[in-house]
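J.: Here's the letter readout for the chains.
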Amino acid sequence: MMADWNHWQTLERLRREIDNVFNETDARREPVFRTAFLPGRAARRYPLINLSADTEALYVEALAPGVDPDMLNVSVVGSTLSIAGEKRRVAGDVQPEAFHRSERATGKFVRHIALPMEVDEHNVQADYTHGLLTVTLPKTAKTKPKQIAVQVS
Amino acid sequence: MAEQTVVAPEIQTPNTTESTRHHERYVAPPVDIHETREGLVVVADVPGVAQEALEVRVDDNVLTIRGHARHAVPGDVIYREYELVNFFRQFELHDKVDQSRITAALQCGVLTLHLLKAEEVTPRQIEVRVG
Chain F
1 MMADWNHWQT LERLRREIDN VFNETDARRE PVFRTAFLPG RAARRYPLIN
51 LSADTEALYV EALAPGVDPD MLNVSVVGST LSIAGEKRRV AGDVQPEAFH
101 RSERATGKFV RHIALPMEVD EHNVQADYTH GLLTVTLPKT AKTKPKQIAV
151 QVS
Chain B
154 MAEQTVVAPE IQTPNTTEST RHHERYVAPP VDIHETREGL VVVADVPGVA
204 QEALEVRVDD NVLTIRGHAR HAVPGDVIYR EYELVNFFRQ FELHDKVDQS
254 RITAALQCGV LTLHLLKAEE VTPRQIEVRV G
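Chains as they are written, first to last, in our numbering: chain F, 1 to 153; chain B, 154 to 284.
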């Protein structure tokens, strides 16, 4: 019995060593899956987003290469941001049998993102450059941080 | 020319290139390749890569696509689903691709390459006369 136990322990140690190897290769110790975002052909969240904020606004950056800017639809209702659009396959009429490789995911998409706070929906700006959609959502007066002066007596 | 348009080293997961200086993290961009009468069309998704940060070159029959994705969003990160890393992918070209006439266009984060067939391999219709 004792011998069996040691086998499991050896396996466990091996597993940890392998885990460590994967952790070491990643300089910043972030999960590997974060960079493995492409291709996205399975049913999943699309487009992928990054959300950041400063005192003035929230910034949503969406990874959506190859979307016709005219087909891109960005809207805000309350604290929900919606991004919809269509990513077309290649331009022109191409027969399916002409494809040697087909890795890029295409099709219509819609994604609703719950924002962590209310935003000023009248002053939202969206910019689409190099396949990245950047939405700037200004915070409302209510959600902006307020500086409080400290009285010294 | 179908069987020769094969990816040389296929990279599925983020990896680091061999370097003595620093670790460069990259992913292989997904591509569509289709054949037309004139040649091949390669379409690759390279979001976040500006024109000046994209390098497309042919060395020894190997087509290399290399791009540096850079995009600065102000503020502190609250939530993150992806990370912009560099793109790198290589394809071995068939001899029948005319390497001097490769054209590249970048639009909305999508790179489109037109590889033309060399003149002598363009299919020609030959009329058969029965007499």
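One or more of the hints may lead you astray.
Short, incomplete list of chain F residues facing chain B, as computed with Cβ under 10 Å [said to hold, decoys possible]:
| no. | residue |
| --- | --- |
| 1 | Ala64 |
| 2 | Glu86 |
| 3 | Gln95 |
| 4 | Ala105 |
| 5 | Thr106 |
| 6 | Val110 |
| 7 | His112 |
| 8 | Pro116 |
| 9 | Gln125 |
| 10 | Gly131 |
| 11 | Thr136 |
Rough simulated footprint, nothing fancy, chain B against chain F, three-plus residues with beta-carbon under 8 Å [unchecked claim]:
| no. | region |
| --- | --- |
| 12 | 6-15 |
| 13 | 98-104 |
| 14 | 139-150 |
What the hints contain is simulated information worked out from the structure, not anything from laboratory work.
The C-beta atom is built at its ideal place from N, Cα and C for all residues, glycine as well.
J.: Evaluate each hint against the coordinates.
T.: Results of checking the hints against the structure:
At its closest, the beta carbon of Ala64 (chain F) sits 7 Å from a beta carbon of chain B; the interface hint therefore holds under the 10 Å criterion. At about 13 Å, the closest approach between the beta carbon of Glu86 (chain F) and any beta carbon in chain B exceeds 10 Å, and the interface hint on this residue is violated. Taking 10 Å as the C-beta contact cut-off toward chain B, the hint placing Gln95 (chain F) at the interface holds, the least distance being around 8 Å. The interface hint given for Ala105 (chain F) is met, as the beta carbon of that residue sits about 7 Å from the closest beta carbon of chain B, less than 10 Å.
Of the supplied interface hints, the one on Thr106 (chain F) holds, with its beta-carbon coming within about 9 Å of a beta-carbon of chain B, less than 10 Å. At its closest, the beta carbon of Val110 (chain F) sits 16 Å from a beta carbon of chain B; the interface hint therefore is violated under the 10 Å criterion. Annotation: His112 (chain F) was flagged as interfacial toward chain B, and the flag is violated, the nearest CB pair being 14 Å apart, outside 10 Å. Taking 10 Å as the C-beta cut-off, the interface hint given for Pro116 (chain F) holds, the closest approach to chain B being about 7 Å.
With its C-beta approaching chain B no nearer than about 13 Å, Gln125 (chain F) sits outside the 10 Å limit, and its interface hint is violated. With a cut of 10 Å, the hint placing Gly131 (chain F) at the interface with chain B holds, because the nearest CB-to-CB distance is about 2 Å. Interface restraint check for Thr136 (chain F): the shortest CB-CB distance to chain B comes to about 9 Å, inside 10 Å, so the restraint holds. Judged by the Cβ-Cβ criterion of 8 Å, the region 6-15 of chain F is not covered by chain B as claimed, because only 0 of its residues qualify and three are needed.
With 7 residues carrying a beta carbon less than 8 Å from a beta carbon of chain B, the region 98-104 of chain F meets the three-residue requirement, and the given coverage holds. Coverage of a stretch by a chain is defined here by at least three residues with a beta carbon nearer than 8 Å to that chain's beta carbons; for the region 139-150 of chain F and chain B the count is 0, and the condition is violated.
Hint compliance for this structure: hints 2, 6, 7, 9, 12 and 14 are broken, all remaining hints hold.
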